[in-house]
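Chains as they are written, first to last, in the numbering used here: chain A, 31 to 334; chain B, 31 to 334; chain C, 31 to 334; chain D, 31 to 334.
The set of hints was computed from the structure by calculation and includes no laboratory data. Warning: the hint list may mix true and false statements.
No distinction is drawn between identical chains; accordingly, a pair holds when it is met within one copy or between any pair of copies.
Simulated crosslink set (BS3-like; lysine-lysine; CA at most 27 Å straight-line) [unchecked claim]:
| hint | residue 1 | residue 2 |
| --- | --- | --- |
| 1 | K253 | K60 |
| 2 | K202 | K133 |
| 3 | K154 | K176 |
| 4 | K75 | K47 |
| 5 | K44 | K253 |
| 6 | K169 | K135 |
| 7 | K202 | K85 |
| 8 | K86 | K50 |
| 9 | K279 | K105 |
| 10 | K188 | K136 |
| 11 | K136 | K105 |
The model shown is predicted, which means the values in this text are computed figures rather than measured ones.
4 protein chains.
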Amino acid sequence: MEKILKKILEDNKKFYKDGKVADYIPALGKANIEDCGITIIDKDKNIHSVGDYNKKFTIQSISKIITLMLAIMDKGFEEVFQIVGYEGTERPFNTISYLESEKVKKAINPMLNSGAIAVTSLIKGDGEKKFDRILELVKVLALNSKIDYDREVYKSEKDTGDRNKAIAYLMKSRGIINGDIESTLDSYFKQCSININTIDLANIAFSIANRFEDVDLESHIDKKKLSSLLISIMVHSGMYNFSGEWSAKVGIPSKSGVAGGVLSVVPDKYGIGFFGPSLDENGNSILGYKVIGELSNELDLNIY
Amino acid sequence: MEKILKKILEDNKKFYKDGKVADYIPALGKANIEDCGITIIDKDKNIHSVGDYNKKFTIQSISKIITLMLAIMDKGFEEVFQIVGYEGTERPFNTISYLESEKVKKAINPMLNSGAIAVTSLIKGDGEKKFDRILELVKVLALNSKIDYDREVYKSEKDTGDRNKAIAYLMKSRGIINGDIESTLDSYFKQCSININTIDLANIAFSIANRFEDVDLESHIDKKKLSSLLISIMVHSGMYNFSGEWSAKVGIPSKSGVAGGVLSVVPDKYGIGFFGPSLDENGNSILGYKVIGELSNELDLNIY
Amino acid sequence: MEKILKKILEDNKKFYKDGKVADYIPALGKANIEDCGITIIDKDKNIHSVGDYNKKFTIQSISKIITLMLAIMDKGFEEVFQIVGYEGTERPFNTISYLESEKVKKAINPMLNSGAIAVTSLIKGDGEKKFDRILELVKVLALNSKIDYDREVYKSEKDTGDRNKAIAYLMKSRGIINGDIESTLDSYFKQCSININTIDLANIAFSIANRFEDVDLESHIDKKKLSSLLISIMVHSGMYNFSGEWSAKVGIPSKSGVAGGVLSVVPDKYGIGFFGPSLDENGNSILGYKVIGELSNELDLNIY
Amino acid sequence: MEKILKKILEDNKKFYKDGKVADYIPALGKANIEDCGITIIDKDKNIHSVGDYNKKFTIQSISKIITLMLAIMDKGFEEVFQIVGYEGTERPFNTISYLESEKVKKAINPMLNSGAIAVTSLIKGDGEKKFDRILELVKVLALNSKIDYDREVYKSEKDTGDRNKAIAYLMKSRGIINGDIESTLDSYFKQCSININTIDLANIAFSIANRFEDVDLESHIDKKKLSSLLISIMVHSGMYNFSGEWSAKVGIPSKSGVAGGVLSVVPDKYGIGFFGPSLDENGNSILGYKVIGELSNELDLNIY
């Protein structure tokens, strides 16, 4: 496996040139555009890592999977999907205009910023407690108790978070979300700033692929149903408005973050964590697309 | 004149039944739906008042004329219209979705909430100073130094102001406005809560109709140009998304507020202040439409 | 008057360089970009013409005033404004997307393509009869029985009319218009292709300014009400999505066409016809804006 | 298998009451709302049919899978996806407004009416040839040379097809599609009117599930890649704006039609054809949702 991975990384790492690192906050702009690392955990829980697998990066939108999971554990499937939908969309991650229509009663899906903020608003815990519980779940799934968030990134996210503020207050005015908006946003900015590496990501991915079999979720939730739901959400909206094309060309349910991370789940088989901060125009890791795509071909992992 | 006014009021006051008072904040909901008063000031500065002309109500959106005026006096025509446009629109006063498009570089017009918040952001003065200057200008134009704002209405506006907050932060994220959003919003909520009666309104209207001839604006602004601009803005967007129909059917440049006030300007002739809190579906005073419409016919005031 | 006009034309004709001629159909692209002519008819019916006043050009969108007028004479104010509204809009002339919303029951205004097509659908007459009646009205208002339409332009309009076809069929599917769409569109393309010069335009404008006093409309319509309505519609939407700015800066109710014509009405005073095919980004004649704007200042014609 | 199917049908057939049959054209309104039938073909090509499996109904939107397949065989993956995208959407099947934006260069996906019309425009064949080739492919995949289209339904589709006409002409004006619009639309209306039963549907579904192994496609296309692509498109947009929720709750790639048909593919395992004309608010068969959902649970067919 390491051999295959090395070859694929070697063959594709040059493509970092076709993208650029996120620069909407200074901390992200400092990333090394050539970085490229991958970790795969197989059915037998063997861990295969190649490249920059121990470099830290912020989890960003991949945290949306975690908050969705925690909200469902806190409130149940039904209550969560009363304020957020299941559908993919061609709209960008920070879309806001659709929330104006009186016909709209929920955020389109939990992977959009609007949907993720809505989901976060449901998570139990006042003030900082909300985020503490999210961070705790990340540690449990990643099997890494040392995970923390990056204060500098968090501060930058908060300072440039006007668009997310607008989204949150519009949803409040439309009656989609309730409660203290400022503390929900504070948690949202913090959760995006959680620092991880590809091993952490692969562990989270494997926990989903493996139906949370070894994880103590401290909840009576149906683990199989929860993992299936998370996978189907990733399929429809995990890769921003490239999710459909990712399905057609890669065929592995995945979720990406703007710092270059990609979490991929091959149901009942593999958990994959990838890192490569050079992004395409949709905000997905360019190297992630190339490498995971080739891996899918090589190991016949396309689920369709 | 009083006779004509009395007759028109008498004939039309029954139509209050076709509308209802604004109720998005409790303070407005307490208005007496049957109230109806009018004040007209003629070329010779004679004041004619009939009905509930001395009842107090909050100025609400009519303040948008005052803030536009002050912003122009502070920054000049050009700078103001770099962040706000001149065009009418079929969209509602609290429209937000249009601000998402990358092609949009300014608020549509200064009478929408978005445009009025943008305009307020330009007015000189830090913190409470901004509002103090607005209130001062209202006093000067209304020839009434006792005018103040209603604390209860202000508090309600602020508490239910999530939509306006969303609008403001979206404009900030799009680079349309700058500076301290919270203090701009605070001023916006206060200015909507200024307490006036129809005499105050008529005085303000007359000052515009009379090209600010007797007003010391403490500014080198071209008074004729300023009054023409305000009148043309009222024509295109003063009556929400009923402005075109108001032009076609009434033909007098006007601006309404959700508490039931209407300010009407017959250029070089009359200043009119009206009050009737029963609103139609567009948020305009139903009695205002009936009474000012009939007055326009009676005195041949249609400018077209 | 001729002296004033000559001076204004002389001072401004250089600005043709800031625009370009319409080129979406070949026939329009052949226009001479430097052409510039004006005709003004005063209260005493004196005709003052300067520059290229006898050059022919197609009436294009200015015909929307004529079709609106004829539809009102055919069906009355009420029936017409059941399928078309009065409001200005920041949307472009060929906007279609707003027609998708179930809340929308009419075209925004009769000066948009959608609104004009809707209005045309109401005009009496089967097949070619519809257009014949429109052409006849143009002749009557322009005092020129020789006016005809340009076959080449008509053919080009028709061949490139897919967007208008889409607009018409969408309105039909939404229940806004009825009847034979193809013949309505055929009339629409023909009426845009009517050939006129500035004298014709000025005569039409004067007939409106003069409340159709000398015109036999073969209808019991209230002529004063009709002229006021047309003027207010021009104010709100005559200059595309520049109508509000035109009001603020020129202050004379006007309607423009993409071949470079402008029809301007100073109520009860002047009828003005202008021609200058160099267009700004909104599709209005650049020289028209300069020349009519300066004329407005010079003769104090701003109605606000 | 028949036993399981019978039990599921028995348990669920009462739910027809929660929906209603399509009625936008008279022919569809005549369907028997209680009809319910299913056919499943397993890996060993055994055919299991229960209920109203031999009732004829029109294929409607399920034909979009066939036309996508034929267009790809005619023009290749790349050329097809230059005018149509891969993304799911929360928009309804007949959405048109998104096509106005200048940023939009393609239809969102091939399962929307816009996307399907675009795809049809690419299929080789002039005039009626286009449709003849589509019908031929349906016959081949369904292993049924007697399949034909319903003239009455076709005529109705055509007569009420104004919205689709608008969509087609808007796409033409935007440069997304070319060629003779009327013949493309004619083919589109005909292909929606093809008459089939659940056995035909199951055969088509099985051909996809089985990677077209036994089918002579008369094309050098990569059969595995083609079937994967069709499945991923079904996942993202096969069930209208319920596709994401269908994935989350049923987990079997499917495509529905407004006459009540559902085609479902369990990759490498089963081909399923379902018929039940009682529709939910999204236009999907209510009984299809219930029955296929329970089947998915019962046989553990959820692919996530």
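Going down the list of hints, with the structure as the test:
Taking the closest pair of Cα atoms, K253 and K60 never come within 27 Å of each other, the shortest separation being 39 Å inside a single copy and 45 Å across copies. In the homo-oligomer, the alpha carbons of K202 and K133 lie at most 27 Å apart both inside one protomer (15 Å) and across protomers (23 Å), since each shortest distance falls under that limit. Proximity of K154 and K176 under a CA criterion of 27 Å is satisfied intra-copy only: 23 Å inside one chain copy versus 50 Å between copies. For the identical chains of this complex, K75 and K47 are neighbours neither inside a copy (34 Å) nor across copies (49 Å), given an alpha-carbon limit of 27 Å.
Taking the shortest Cα distances, K44 and K253 never come within 27 Å of each other, neither inside one copy (40 Å) nor across copies (31 Å). Proximity of K169 to K135 under the C-alpha cut-off of 27 Å is found in neither arrangement, the shortest distances being 34 Å within a copy and 43 Å between copies. In the homo-oligomer, the alpha carbons of K202 and K85 never lie at most 27 Å apart, since the shortest distance is 38 Å inside one protomer and 35 Å across protomers. For the homomeric pair K86 and K50, the shortest alpha-carbon distance inside one copy (18 Å) is at most 27 Å, but the shortest distance between copies (55 Å) is not.
When the C-alpha separation of K279 and K105 is checked against a cutoff of 27 Å, the pair qualifies only between copies, where the shortest distance is 18 Å, while the shortest distance within a copy is 35 Å. For the homomeric pair K188 and K136, the shortest alpha-carbon distances inside one copy (24 Å) and between copies (25 Å) are both at most 27 Å. In this assembly of identical chains, the alpha carbons of K136 and K105 lie at most 27 Å apart only when taken from the same copy (16 Å versus 40 Å across copies).
Against the hints set out earlier in the document, violations occur for numbers 1, 4, 5, 6, 7.
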